[in-house]
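Below, each chain spelled out in residue letters.
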Amino acid sequence: MTKTTNHSGQLGGISRRRLLQGASALGAAAVVGPLGARVAHAAPKRGGTFRLAMGHGNTSDSYDPATWDNAYVQVFATARHGYLTEIAADGSLVGELAESWEASKDARTWTLKLRSGVRYHSGKAVTAEDVIASLNYHRGEDSKSAAKPIVKGITEMRADGPGVVVVTLEAGNADFPFVLSDYHLPVMPSSGGKIDPTSRDGCGAYVVDSYEPGVRATMKRNPEYWKSGRAHFDAVEMLAIVDPAARQNALVTGEVDAIDRVDLNTVHLLKRARNVEVVTTTGTQHYTFAMDTRAAPFDDNNVRMALKYALDREELVEKILNGYGEVGNDHPIGRSNRYHAASLEQRTYDPDKARHYLKKAGLDKLEVSLSAADAAFTGAVDAAVLYSERAAVAGITVNVVREPNDGYWSNVWMKKPWSAVYWGGRPTEDWMFTTAYAEGAAWNDTFWSHQRFNALLAEARSELDDARRRAMYEEMQALVSNEGGVVVPMFASYVMGLSSKVAHPEQVGANWTLDGFRAIERWWFA
Amino acid sequence: MLQMIAQRLALGVLTLFLISVLIFGAIELLPGDIAEEILGQSATPETVEAFRRELGLDRPAHLRYLDWLGGVAQGDLGHSLANRRPIADLIAGRLANTLFLALYAAVIAVPLSLALGILAALYRNSLYDRAVNVFTLSSISFPEFFVAYILIFFLAQSGLFPSIARVTPGADLADKLHRTFLPALTLTLVVTAHMMRMTRAAIINLLASPYIEMARLKGVGPARIVLRHALPNALAPIINVIALNLAYLITGVVVVEVVFVYPGLGQLMVDSVSKRDVTVVQAAALIFACAYVLLNLVADVLSTLSNPRLVHRR
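Protein chains in written order, with our numbering: chain L, 1 to 526; chain C, 527 to 840.
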């Protein structure tokens, strides 16, 4: 009964025009949901208690959306909260609390029409004021929110009647509705223009019964949930099981019904277990080695190119990901993205080319240090060692510096000149590039500043023509790949283990783990 | 006696104070603070700044420490910096879990190791003695998680016991004992060797002394010699070793907690250190320190009581 399914989510099978109009096409999609006509499994059934074990979860987790940083709190939040928009399993954007949206011609002013009649678990109705307060929580000087850079573009928000919110942006952004699907931005009840970040109240599919951070959360189905064809489980228990062996044991022995983060070293053993299905999705999650392009020797693009030719991507996918992933092409846009540049030639391991670029840089040999820790991504240190082995053939000495896991993001990433990095990825090209490649962006970890790239980025953001937009994003991918400071060896799959009792729609969302964090409301017991 | 206890308690309070200073200092020395750790990869300078302002972390360290100390002196452990939960609530459940597991393991391990040790002393150098030694020493020599995985492999995958010790608040005792059997057994295997060996060594040591020879000469049987004549005099070292192992069962079982997904204090402490949640770390450290101080005190009192020469001093 063991089978493996792979879902390569296609982000954005949606035209520009439909995105701007929102309502007509997507409103309908929201009702049908991802359980449309193409469901191979039996029709979803109501009932049962879904026990989900996750490889994250910490005692210091909280209800505060400013601090959500791991998959446990993200899945938990998505189960109890409603968001303005939702990324459907096929990667398209559908309305959730925002029934429809309309942009001005320059994509600077967005008018969101809210779904009426939606209530929080506490009984209070969802209002335009709540939407504004929920977004405002992440803005302003006193915001400690991790989502602050995400909502930075908003300059003004006002309620236009009870069910309409008008948002004005600093500059046109055609992808703004995608931003509103971010997991940090649930709509929460407000009073006096402020939300209570310690509150568990939301308008999502499940009502929180109990929550002990880092241990367990229990939830009951929200009897008044407005979506049809969703929220099939009567109750949900979410466990934090950080140890991979314990997690897999729990699944095999029937203590839980589903787990995330299957250990790639032992996934073949898990597949042997009866009544277990391994589900993988490959979306935007990718691993990188980011160089500080301001620091010698990485300030010379020839050196960067030499390093990009000096690693064997296939080998990394094979050995580090155990085959659960795809090779990267030194830019962060994956095959599942809308404007992925398929025509861009795939870079391969080529020691001769690496030497050629070294010579162009005026060097015979090169010695650099690569900082890595498993905090960056599982297997980062091993990946760095493999890199070092392959680079040696091209006359490049890569000294692998094993950094402590503790404090990796504050002390190593963006501090050391070359380090291993994890990216969950972003649903749109603009969002990804703006987050980590635009000049001056807070998380531009290569400190890259490329005039043409930055100009294209601003232009593409408010461009209306689909073909022109595609051309621009493809050029930007080529620029990052050929001149950027980042080595992107691989896109890693999300690998989950399910008991055969659990059924899911044929297409599973690839934008995040566990069906885009929404397994709890999308899956059911067969 | 009472004077000794009072003296030791006063020293204990001083120890706790010094430990709190040490722990606070150590966390200050760790790179990064709670704002950076919680925001992680998403941190930007402004948000870290705002986070610190909100938690009052922009104030100097000694003022923060004095604030905390003032609260503790009045019995208020404060709030978790990470999620604002009162620490007393946060710790109460965890402490109960930890004590339950420690007690469960101790109830199995202490009688077991005493019995094994006494029997090993009685039949020393026999096949039985060797087998017990090899078995207990091997189980202490393997890392705890390995022992745990072996037990899971044999006892959980067959469905006999659950592989994760999921204790729900409303569960009855029998269910709880069943669910936590594997972690308790793991801990038993880990601590048995130490206590067993000490019991065996202390008794064997005494068996060579003249008064035992005297007893043997007047025809006392071997069991009676060990239980009646040797054991009372061997109690002091055994009690000390038991106290140390009990303290270990309370403070040192984080690996077992992780493998069996058991929400105890160890996991809480590790999580809080990794996020630099200093108030929670302080509280957990104080509890651990208390466990050591009190168990050692109890051990000293008991070993004094076991020695009539110390009790009836002239």
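Rather than coming from a laboratory, the hints here were simulated on the basis of the structure. Computed from a prediction, not measured in an experiment: that's the story for all the values here. Misleading hints may appear alongside valid ones.
Interface residues of chain L toward chain C, partial, derived using beta-carbon atoms under 10 Å [stated by the list, open to error]:
hint : residue
1    : 49
2    : 61
3    : 245
4    : 342
5    : 343
6    : 478
7    : 482
8    : 525
Virtual Cβ for every residue (Gly too), placed ideally from N, Cα, C.
Tested hints:
Interface hint at residue 49 of chain L: violated, since its Cβ lies 12 Å from the closest Cβ of chain C, which is beyond the 10 Å cut-off. Here the hint on residue 61 of chain L is kept, as its CB sits about 7 Å from the closest CB of chain C, short of 10 Å. Because the closest C-beta pair between residue 245 of chain L and chain C is about 6 Å apart, less than 10 Å, the hint holds. At its closest, the beta carbon of residue 342 of chain L sits 29 Å from a beta carbon of chain C; the interface hint therefore is violated under the 10 Å criterion.
A hinted interface residue such as residue 343 of chain L counts as satisfied when its beta carbon comes closer than 10 Å to some beta carbon of chain C; here the least separation is about 32 Å, so the hint is violated. Hint status for residue 478 of chain L relative to chain C: violated, with the closest Cβ pair at about 27 Å, above 10 Å. Violation of the interface hint for residue 482 of chain L is found here, the shortest Cβ-Cβ separation to chain C being roughly 26 Å, above the 10 Å cut-off. Among the interface hints, the one on residue 525 of chain L is violated; its C-beta lies about 20 Å from the nearest C-beta in chain C, farther than the 10 Å criterion.
In this structure, the hints that do not hold are numbers 1, 4, 5, 6, 7 and 8, in rising order.
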